[in-house]
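**Student:** Sequences and hints are given; from them, build the entire structure.
Which chain is which? The protein sequence lines are Z and P, in order. Here the working numbering is used: the first residue of the first sequence is 1, the next is one more, and so on. Here the working numbering is used: the first residue of the second sequence is 1001, the next is one more, and so on.
If you are wondering where the hints come from, they were derived from the structure by calculation, not from laboratory data. Virtual Cβ for every residue (Gly too), placed ideally from N, Cα, C. Don't take each hint at face value.
Stated by the list, open to error - Only pairs whose alpha carbons sit at most 20 Å apart, straight line, appear in this in silico DMTMM-like list of lysine to aspartate or glutamate:
| # | chain 1 | residue 1 | chain 2 | residue 2 |
| --- | --- | --- | --- | --- |
| 1 | P | 1148 | P | 1099 |
| 2 | P | 1494 | P | 1039 |
| 3 | P | 1473 | Z | 531 |
| 4 | P | 1324 | Z | 51 |
| 5 | P | 1212 | P | 1134 |
| 6 | P | 1334 | Z | 105 |
Unchecked claim - To list a few chain Z residues with every Cβ distance to chain P over 12 Å, as calculated:
| # | residue |
| --- | --- |
| 7 | 39 |
| 8 | 153 |
| 9 | 424 |
To be verified - Part of the chain Z face toward chain P, derived, beta carbon under 10 Å:
| # | residue |
| --- | --- |
| 10 | 25 |
| 11 | 36 |
| 12 | 65 |
| 13 | 70 |
| 14 | 113 |
| 15 | 121 |
| 16 | 139 |
| 17 | 155 |
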Amino acid sequence: MATQLETALVSEIMYKIPWEDLSVGPVGEYLEIVDYDPPSGCFYAPVNLDDPRVLAQNGLAPSEGNPQFHQQMVYAVAMTTIDRFERALGRRAFWSDRILTGDPDERFVQRLRIYPHALRMANAYYSRRKGALLFGYFPGTEDRTSGQFPGGMVFTCLSHDVVAHETTHALLDGFHEHFMEATNPDVLAFHEAFADIVALFQHFTFPEVLGHQIARTRGDLKSENLLAQLASQVGHARGTHGALRDAIGTYDNASGMWIKHEPDPTELDRTIEVHERGAILVAAVFDAFLSIYKGRSHDLMRLASGGTGILPQGELHPDLVNRLAREASKAAGHVLNMCFRALDYCPPVDLTFGEYLRALITADLDLMPDDEHRYRVAFIEAFRRRGIYPRDVRTLSEDSLRWARPGEDPTMKPGEMEERLRIFINEINLRGQLDKLRYLKTRFEIWDKTRFIKIDLHNAIQNQVIKAKILQRLTGLALDPFETPANVKRKDGAPVFSVQAIREARRERGDGRVLNQVFITLLQKEIMIQDGQEHSVRCGSVLVWDLDEERVTYVIRKGLHDQERLLRTLEFQERQSTASLAATYLMGTREPFAALHTIGA
Amino acid sequence: MGATTKKKTTKAKAGKKPARKTKPAVLPTAPVVAPDSPENFRARVRMYRHGLGDCFLVTFPRKHKDPFHMLIDCGALARDKTFMTGIVEHIRDTIRNGETTDKARLDVVVATHEHKDHVSGFNQARDVFNRDFDFGSVWLAWTENLTKPEIKKFKEAKSKAVSKLREALSSPLAAAAGLQGVEALLGFSEEDDTTGSGLVSEAMEYLKLRGKDSGNLRYCEPGGEPFALDGVEGVRVYVLGPSHDPGFMKVSEVTEQMKKDEIVYHLTATGDAGMDALGAAISTLAGGSGGDQARYLPFSSEHRIPRKSPDGRRRNPYFASIRKFVSRTYDDPKQNWRQIENDWLAAFGQLALDLDNDTNNTSLVLAFEFVKTGEVLLFVGDAQVGNWKSWANVEFTVPGRDKPRPAHDLLSHAVFYKVGHHCSHNATLKRGGLELMNRNDLVAFIPLDKQTAKKQGAKGWDMPAGPLFKALKEKTSDRVALSDVTETLTTNAKQAGIRATDAYIDYFLT
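**Tutor:** In structure tokens, the structure reads:
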């Protein structure tokens, strides 16, 4: 982009990152950039961003030929992504734990490691096994008509979208560690889609780029624009167009024109490939964003056109461009926040797109009871047009999409269930425990303390059958040690479950009141017998507990009770064909994203 | 693919080489007719017990004429020339049946796909084929028809990838990176001096030549009208695969855009840039083609700080300036689980898998139907999931039927199933595949030498795949026969009329 005259103005963006103490690398609280290039057999000197000479000019000036600039670039983009993630969720971000037996302290991964020049190929991926992002570089296409310098080096670590995408994979994996287990066609597609959504909308939050685009498209962001062309430079250099752009629109090779892709509700049923399926979700969110932007900018357009709504010929007034850019960037920020916050409300395993919609709506209803700008309607509408619906919902209204509150238990007196739960929560002293977390300083301290709270809670459930029974009713998990479900095989009779996460959320609602919630995630792994064969299945449920009102507001269930779901999962896994040759020849692959990610493939 | 210790590498190597040499080439001495064979039958399927590979002789008796012989594949992964020649001579003698010394006539020769374990015999026993055999016709999948430009493109992309891959894997660096598991995969398309098997593509070329000579070279396409076998009454042959839809030939489905861009081959999805990247990777490997090194280096020399000086002996004085940083991060012993020394090579593994999968999916899939009884003999080559799935859309125009006949209908009448891909779990589709085979007299033949499979790659290949093997046994009530010479026939198989000798196992449709 930097060498196209038309876009030369917008090819430089200033990233503003929260201050932190950095050592050379840069190495900070969350990230360490280690610039080792195994194919070339060398290191590149680490940049010192705290050097006064660098500080004085707001960091190194952009230069593709300078590895230190690359280090600065990945650091800046990754930190921006982390910062957005933390601000949306209101708590610190953690990386996925290292899988280790032995000293639990060693499982904590403080910093994600980033290798900006690790691979010599058109690929970049997140490796959980190494707690690292690996970026590749490759000579560009020799085709002189592509507009690229023929044979010039293309660096994936210099693409904002690629870096943001990979960082998001890592963040999401640290948040929901089982979202990499393909139990239905949506799970992996969601991982990809979510990473794309973050990369895309983060792009939209830069007013410089937006202003330029709005001027070019005369306020109508639906027509072709650079912003929607995720990873444009990488796609370009490879001489192919990515799946995401296809979801929003495509280039017609014959005419060289860009054609908008009309949403097709049946497309989702036909699309199985992970990236293509993910692209449908991204396109749905993008559509929602467009309607939100349109709603927010309507008045401006009318003002500028003297009430007619039809803009005069010629270029837009710069003031109008600025105002429109502000609306767009605000809308993008809101959409991004909504998407992040919905993560709290997602089931911990076996997520589907439809359930993500439910999570989005529930999260937003909790936080913004008044939907002034009709964000939720925009989302529901956009998802509907792409054929994304949850199962088991009667209507596509906000109320039925909202996760269910736990109902009364017909075997108990009215209110008894709620009362028992309250006693249970009080007995484990949840509030007191959470208060201790509040004033901890480092991420390690928080991680460590949370670990003990999880252990306490686990023991409380395990040792008290009555509590286990209450939770079993509520969550659909089989927690009762004396009652093994019919088609489940247990080694020593006891249920295998864990308290996977306890997350507190203190957020200010749209009406100024404070919402105090805690999300408790229970996970269960059991051996299920089906057709005489043993299958390992994972179930999980989230309890949303309102700390002020002292009651469960939602239960998001993926329990053992739902046999239909488990059968669907088994069937799906049987049909899975990818990587199974690897299972035959190599006895399994170890880097799921490496294969998934050969860019655009 | 993590780093494998050097020790393991050498062990694997050491175990592999002698195995090929010391393996006693037990030449089949079995009679051409198995003892206790039925006098009359409608079809006989003979599976040779010659190692990890396919070699099937299918025989249909004809009225007032010599029987109709059909050879479906003739290859093995790790067998030498003498051994394979012995097998082909046995096929010759079977056809001659001790009655003549004329040329043995193979009415049809089929090569299901271009892999060594299916076609090596055509190179290794070329002399015998030339001297003693008469070919009636040669059948190949339409994907072998190189006169069509799009197929040629496909094949060229593939061979380019294979050669680059082979170059990469032959370097010592690859061995150190634990890529020997991948190397074994290339064995399918490899040129191998030790077994005299030559290039797989040569075997295919040879078959095409013989086909042209016989005046009947047929590139089979799925669907359409079934055809008859010359002089064989009441048998129809159906072609089920490979599909014309490129989507079914891939690991992952092809995108719409790829179709539009006429990208036939998965690899070229990464464009020339992708292939260049591969070239880049290889050029730096020790022993690689080198030459254009500088083109692939990302930065100019003043930025590069190797640990050692260029001659590799002394320390690099410039490294001292970053030593502190490196020992705190990359070299930190507590963090060594995050090192990435060989990760960039792992892509080769995926590439090799894709290549293997793609070729397997070009397998020619044939079904032989006995019109009167409806019984079906099914030969699937090494078809992977994609090929199997495509049958759901294949239909046949059968004379005397007003409605087209779906391919799945044939599956439900299968009495004999040649198990795909040596019983790996990905080569027999359950739903829309095995589940449709519901006849209670179903028999399954698995061409597999367990010893050879165990020796491949770093950990051996998962053949037969446990769950599939179990399912096959259930489906056939234990009438499963493995070509592995250490296996004996089950009681149920014997009762079903299956006969075994050291050299082959016979199935009879009486």
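**Student:** Now, for every hint given, state plainly whether the structure supports it.
**Tutor:** Verification of the hints:
{"no.": "1", "hint": "P/1148 - P/1099", "verdict": "43 Å, violated"}
{"no.": "2", "hint": "P/1494 - P/1039", "verdict": "16 Å, holds"}
{"no.": "3", "hint": "P/1473 - Z/531", "verdict": "15 Å, holds"}
{"no.": "4", "hint": "P/1324 - Z/51", "verdict": "17 Å, holds"}
{"no.": "5", "hint": "P/1212 - P/1134", "verdict": "13 Å, holds"}
{"no.": "6", "hint": "P/1334 - Z/105", "verdict": "12 Å, holds"}
{"no.": "7", "hint": "39", "verdict": "5 Å, violated"}
{"no.": "8", "hint": "153", "verdict": "5 Å, violated"}
{"no.": "9", "hint": "424", "verdict": "40 Å, holds"}
{"no.": "10", "hint": "25", "verdict": "7 Å, holds"}
{"no.": "11", "hint": "36", "verdict": "6 Å, holds"}
{"no.": "12", "hint": "65", "verdict": "7 Å, holds"}
{"no.": "13", "hint": "70", "verdict": "9 Å, holds"}
{"no.": "14", "hint": "113", "verdict": "5 Å, holds"}
{"no.": "15", "hint": "121", "verdict": "4 Å, holds"}
{"no.": "16", "hint": "139", "verdict": "5 Å, holds"}
{"no.": "17", "hint": "155", "verdict": "7 Å, holds"}
Consistency with the previously given hints fails for numbers 1, 7, 8, ordered from lowest to highest.
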